[in-house]
Amino acid sequence: MTSLSGNGRPAAFTNVRLVDPASGYDGPGGIIVTKGVIADVVKGADFGSLSPDIDLIDGKGALLLPGLVDIRVKTGEPGTETKETLKSAALAAAAGGVTSIVLQPDTDPVIDEPSVVDFILRRARDIELVKVHVAGAATKGAHGQRMAEIGLMAEAGCLYISDADRPIVDSKVLRRVLAYAKAFGVLVAHRPADPWLSAGAAASEGEFASRMGLPGVPAIAEKIMLERDLALVELTGARLLVDQLTTADAIESFRRGRERGLPVTATTSINHLSFNEIDIGDYRTFCKVDPPLRSEDDRQAVIEAVASGLIQIVVSAHAPAPAEDKRLPYDEAAPGAIGLQTLLPALLTFHHEGRIPLIDLIRTVTCAPADLLGLPQGRLAKGAPADLVLCDLNAPLLIDADKLISKSKNSPFDGRRLQGKVLRTVVDGRTVFGA
Amino acid sequence: MTTTQPGLNEVLQRTFSFPKKHFLSATDLNEVEVANLLDLADGFVSLNRQTSKKLDLLKGRTLMNLFFENSTRTQSSFELAGKRLGADVVNMSPRSSAMSKGETLIDTAVTLNAMQPDLLVIRHASSGAASLLSQKVSCSVINAGDGQHEHPTQALLDALSMRRAFGRIAGLKVAICGDVAHSRVARSNIALLQMLGAEVRLVGPPTLIPPQAERWNVAICHDMREGIAGCDVVMMLRLQLERMDGVMAPSQREYFRFFGLDREKLAFAAPHVRVMHPGPMNRGVEIDSDVADDLSVSLIQDQVEMGVAARMAVLTSLAARLDNDR
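Taken in sequence, the protein lines are chains A and B.
Start counting the first sequence at 64; every next residue gets the next number (our numbering).
Start counting the second sequence at 19; every next residue gets the next number (our numbering).
Simulated from the structure, these hints should not be mistaken for laboratory data.
Just so you know, not all the hints are guaranteed correct.
Stated by the list, open to error - Calculated Cβ distances over 10 Å to all of chain B for the following chain A residues:
hint : residue
1    : R186
2    : R274
3    : E367
4    : D434
Said to hold, decoys possible - FRET-style restraints, in silico, Cβ to Cβ:
hint : chain 1 : residue 1 : chain 2 : residue 2 : range
5    : A       : D345      : B       : H240      : 29 to 35 Å
6    : B       : T90       : A       : D345      : 27 to 33 Å
7    : A       : D103      : B       : K154      : 43 to 49 Å
8    : A       : E387      : B       : A183      : 47 to 53 Å
9    : B       : S314      : A       : E387      : 53 to 59 Å
10   : A       : G248      : B       : R271      : 58 to 64 Å
11   : A       : S234      : B       : S314      : 56 to 62 Å
12   : B       : R301      : A       : D345      : 35 to 41 Å
13   : B       : R301      : A       : L461      : 57 to 63 Å
14   : B       : K154      : A       : Q482      : 31 to 37 Å
Idealized CB from N, CA, C, for every residue including glycine.
So that you can see chain A by itself, here it is in the shape it has in the complex (with noise of 0.2 Å):
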């Protein structure tokens, strides 16, 4: 990988309309690097004399954001190389403008001590592409039944923990994992899935699902498991990430536990957004997620609680599958969808519909998931890592899945049209992906 200027010397990113949700600022401006890091920010159209020694890029117009950071992402290492490897995943996440994953430890092994958090770091640090994190996860094998060593893996660098897709079931058991994290200031993840509603379900139930014969989960399932996860928070004092907000009836549950002041944040998945139920149309595999798409009406709930603010973290929930997992009946195919690369584009759907404005969007994927995990990036900020993505905002793009980097190619966005094209991704002052 190349440093900007290719020989050490600063670099500047002129003529570029920086979008910084953490400062609120949106207008012209540039970008000074010096070794890795932001050495100043210029907001405004004019620079000034910039000295000789800076090379100078120029970003005609194009908007410069501080890199992506997606906090919900699987990989298949260790365990399952043949659905992605840590190197596919860097590199379709730079190609999307995404320079900080948080990988699941839901792999094989689990990463549930900190042996496996250690080698997965130190084979990322190898790749040199992105920033790639760990959550461990909370329970000895992600079984839900005894606490995982939540302490020692936190020592080892991991930043949140989580059963990943799985709820814990016992209640005695999270309730205990969430008042041991909390003293040592691990954030703890958790799915709201009510697990006996959910047995067996390959979509959302209701008219659809109905109709094409497919065992649904009622959307209450949701709701049913958040509000006991929010109780429990209340109990222990614990913080609390609320994985995937897909419900119009668990984000009003979610919005009162906000408004006793409960210490909860949430995620939802760009999948959720962007899609619903309709969108598996004829048994289209590629749209079979877990949590499954719901209704239209959630849909819109889901939207709404991002415009204004209550769900501060959209995820890619990047989950690879390959072909022969997914070219199954439905009922048998696996779950997950890869979304690394089109999180940016899709996302800024919202922005060319008008629904929500540029910043904050931008929040959702950038200092708003970094500020909980305490993460310096994803600001554009003097002394932050220099982690930045040019973008064309409006320039128009035709997914076609066959040709996204991820090993697996398992996109719902296959021959969706998008707009915002990545032009160069950069982290710690190496250009990563693009010119």
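Chain B: place on chain A using the hints.
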């Protein structure tokens, strides 16, 4: 040689240009196509009652039966239909072949497709399996039941039975009773009967009615007597025994008491009511033998006979399109 057979000319006059390559779902059909298929099937019924039943409409064609789920009735119905039309019929039972060695549905389909069949009949336990298959093969695919989704030839044969019994379908009141939630037969029948102008009601305990089925423009009743009141047709569905015993219903005897069809409940229907069942029946669970075996009310044996004719109509129509392709 066949042109000397009585009845054949009549049948041949009824063949029509069927515009579709596959036969996957009742919702793919329109009223005209259904009417044509029923007319054609009617012709095959008379033909099937003759001593010499063999035609050569599908001569040289290969029909493959690919049944991932056991079904003596439907499989032999398709087999007979194919053979009576002169096709070569191959029955695949995937349990004893490569499928049990981990080969996927698609791999099996692609392999069979390479053997150049003309018509592939599939039954599979997963909803959407027939549609998936149709995207991967070059021959015509006929859905003989995909999971809980559809069983369109069953709906066609049911419509044929009803039309022959009542002379029409428009305006008939039809109660579909029992395990609607898990029934592909019900879904295909609802679509087809509504298209043909019948009034459809769903009757069963709430646990066996599909969520939001009220949006299908059907009346839903949880009381059997109320549900079949004044109905011209009572269509009973099979309830898998393992779904009783406290899962979807508390017990067999409780289910029979409230939702089984017996003389007493049937008395609430119209006086000329006809009873149907796609088979195989659980006697004494969803239907009383007394009712099932009474030929003055039961159309159950007719349904089996109509099955062969309806499938002959479907095969003939699809094969006619194959001719146009080549």
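Discussion item. The output says A/R186 does not contact chain B. Does that hold with a beta carbon cutoff of 10 Å?
Written reply: 31 Å, holds
Worksheet item: Is the distance from the Cβ of A/D103 to the Cβ of B/K154 consistent with 43 to 49 Å?
Response: 58 Å, violated
Worksheet item: How does the Cβ-Cβ distance of A/G248 and B/R271 compare with 58 to 64 Å: does it lie in that range?
Response: At 60 Å between Cβs, range holds.
Fill in: Pairwise beta carbon distance, B/R301 to A/D345, judged against the given window 35 to 41 Å
38 Å, holds
Worksheet item: Is the gap between the beta carbons of B/R301 and A/L461 within 57 to 63 Å?
Response: Check passed, 59 Å falls within 57 to 63 Å.
Practice prompt. Given the hint of 31 to 37 Å, check if B/K154 and A/Q482 actually sit that far apart at their C-beta atoms.
Written response: Holds - the Cβ-Cβ distance for B/K154 and A/Q482, about 33 Å, lies within 31 to 37 Å.
Worksheet item: Taking the beta carbons of B/S314 and A/E387, is their distance inside 53 to 59 Å?
Response: 55 Å, holds
Worksheet item: Does the Cβ distance between B/T90 and A/D345 fall inside 27 to 33 Å?
Response: About 30 Å separates the Cβ atoms of B/T90 and A/D345, which means 27 to 33 Å holds.
Worksheet item: Checking the smallest CB distance to chain B, is A/R274 really beyond 10 Å?
Response: 7 Å, violated
Discussion item. Is 56 to 62 Å respected by the C-beta to C-beta distance linking A/S234 and B/S314?
Written reply: 60 Å, holds
Worksheet item: For A/E367, which was marked as not at the interface, is the minimum beta-carbon distance to chain B over 10 Å?
Response: 23 Å, holds
Worksheet item: Honestly, do A/D345 and B/H240 meet the 29 to 35 Å range at C-beta?
Response: With a Cβ separation near 32 Å, A/D345 and B/H240 satisfy 29 to 35 Å, so the hint holds.
Hint compliance for this structure: hints 2, 7 are broken, all remaining hints hold.
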